[in-house]
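S.K.: With the hints as constraints, model all of the structure from the sequences given.
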Amino acid sequence: MSTESSSQRPLRCGAVGVGRMGRHHARVYAEMPGVELVGVVDADIERAREYADKFGCKAFATEQELIDAGVDAVSIAVPTTFHLKSAEPFLKAGVACLIEKPLAQGADEAEKIKKLAEQHNTCLMVGHIERFNPIMRAMQTATEGTGEAITPRFIEVHRVSPMTFRSIDIGVVMDMMIHDLDVVLMLMGGREPDGIQASGVAVVSEFEDLCNARLVWNLTEAEGGGQCVANITASRLAMKTERVTRITGENGYIKIDYAAKSGTMIRRTANEHQMREVRDQLREGADLTDMDWTEL
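Under this note's numbering, the sequence shown has 103 at position 103, and the numbering climbs by one with no breaks.
No lab work stands behind these hints, which were simulated from the structure alone. All residues carry an ideal CB built from backbone N, CA and C; glycine is no exception. Just so you know, not all the hints are guaranteed correct.
The calculated DSS-like cross-link candidates involving lysine-lysine, where the alpha carbons are at most 30 Å apart (straight line), are [what the hints assert, rightly or not]: (1) K85 - K54; (2) K85 - K114; (3) K115 - K101; (4) K114 - K92; (5) K85 - K115; (6) K112 - K101; (7) K240 - K255; (8) K261 - K240; (9) K58 - K92; (10) K58 - K101; (11) K101 - K85; (12) K115 - K92; (13) K240 - K101; (14) K255 - K101; (15) K58 - K85; (16) K240 - K115; (17) K101 - K54; (18) K112 - K92; (19) K114 - K101; (20) K54 - K114; (21) K85 - K112.
Between beta-carbon pairs, the in silico distance windows are [stated by the list, open to error]: (22) Y253 - K112: 35 to 43 Å; (23) L185 - G285: 42 to 50 Å; (24) R9 - A93: 17 to 25 Å; (25) H24 - P89: 20 to 28 Å; (26) Q119 - F82: 17 to 25 Å; (27) E223 - E65: 31 to 39 Å; (28) F82 - V278: 56 to 64 Å; (29) E250 - R9: 31 to 39 Å; (30) T220 - R20: 40 to 48 Å; (31) Y253 - H24: 27 to 35 Å; (32) D292 - N218: 31 to 39 Å; (33) R20 - Q197: 44 to 52 Å.
M.R.: Quick look at the structure:
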């Protein structure tokens, strides 16, 4: 990858695969200041030409043609089974790669991609887009701004949608749940869980179309002890789309709706006085059945 300053010339980018996701990468590169969209690659050269004409760049049939055109960075958005094959020539050529999730169809291929990047000192990133969802960023900012980070005790995730017959070369875990596994691991500081239980079922495709996973972390004494449990459900057989994460801790609650780009945050300290009064009344045997919990 060239070390020439971006102030001297634009960053020369390309998109490999102009299907559902790749065409968005190409569009964003074409619109981004300081970036030149050099070209797009697709096994279907007619489709490549269609989007090359649309975004004002060149169409290529192979990765090597794009490399020869002098590209600095690429987005790889081909089917998952071709990620390693598509990324390899770019990584060897020192071209920075943003690879759509999942990184590969299995751990062995993912490790090969990682080693290629390390061996050739090439920048590599996986496109876990939910990290950059505006509502996710807003919730992180709000929490950091108060200094009251919520230590998760229970995380509940639902990511379900109707079957689209896309990405059926992999199961729902690698297709959809991987977003939430990434976010949950991030919430837990990158720590691997101490226990995992999971069950999946294949209904339409050759791989699981529905999966539920239960992840358990043993918390340290500094974290208050006990455990944190994450219950994650992913399905591509639902009647409607839902992408919601709920995080509950002793000091608060967060709900994130990725699709609606909305969120709710409730902090224990925000109404600590009212909660203390309620606890005192309960100890004294008060009848609070008419109290509206949502107004506390």
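S.K.: Next, verify each hint and record whether it holds.
M.R.: Taking the hints in turn, this is what the structure says about them:
no.: 1; hint: K85 - K54; in the structure: 27 Å, holds
no.: 2; hint: K85 - K114; in the structure: 13 Å, holds
no.: 3; hint: K115 - K101; in the structure: 17 Å, holds
no.: 4; hint: K114 - K92; in the structure: 12 Å, holds
no.: 5; hint: K85 - K115; in the structure: 14 Å, holds
no.: 6; hint: K112 - K101; in the structure: 16 Å, holds
no.: 7; hint: K240 - K255; in the structure: 19 Å, holds
no.: 8; hint: K261 - K240; in the structure: 17 Å, holds
no.: 9; hint: K58 - K92; in the structure: 22 Å, holds
no.: 10; hint: K58 - K101; in the structure: 25 Å, holds
no.: 11; hint: K101 - K85; in the structure: 15 Å, holds
no.: 12; hint: K115 - K92; in the structure: 11 Å, holds
no.: 13; hint: K240 - K101; in the structure: 23 Å, holds
no.: 14; hint: K255 - K101; in the structure: 24 Å, holds
no.: 15; hint: K58 - K85; in the structure: 22 Å, holds
no.: 16; hint: K240 - K115; in the structure: 40 Å, violated
no.: 17; hint: K101 - K54; in the structure: 25 Å, holds
no.: 18; hint: K112 - K92; in the structure: 12 Å, holds
no.: 19; hint: K114 - K101; in the structure: 14 Å, holds
no.: 20; hint: K54 - K114; in the structure: 33 Å, violated
no.: 21; hint: K85 - K112; in the structure: 10 Å, holds
no.: 22; hint: Y253 - K112: 35 to 43 Å; in the structure: 41 Å, holds
no.: 23; hint: L185 - G285: 42 to 50 Å; in the structure: 45 Å, holds
no.: 24; hint: R9 - A93: 17 to 25 Å; in the structure: 18 Å, holds
no.: 25; hint: H24 - P89: 20 to 28 Å; in the structure: 23 Å, holds
no.: 26; hint: Q119 - F82: 17 to 25 Å; in the structure: 21 Å, holds
no.: 27; hint: E223 - E65: 31 to 39 Å; in the structure: 52 Å, violated
no.: 28; hint: F82 - V278: 56 to 64 Å; in the structure: 58 Å, holds
no.: 29; hint: E250 - R9: 31 to 39 Å; in the structure: 53 Å, violated
no.: 30; hint: T220 - R20: 40 to 48 Å; in the structure: 42 Å, holds
no.: 31; hint: Y253 - H24: 27 to 35 Å; in the structure: 33 Å, holds
no.: 32; hint: D292 - N218: 31 to 39 Å; in the structure: 37 Å, holds
no.: 33; hint: R20 - Q197: 44 to 52 Å; in the structure: 33 Å, violated
Hint compliance for this structure: hints 16, 20, 27, 29 and 33 are broken, all remaining hints hold.
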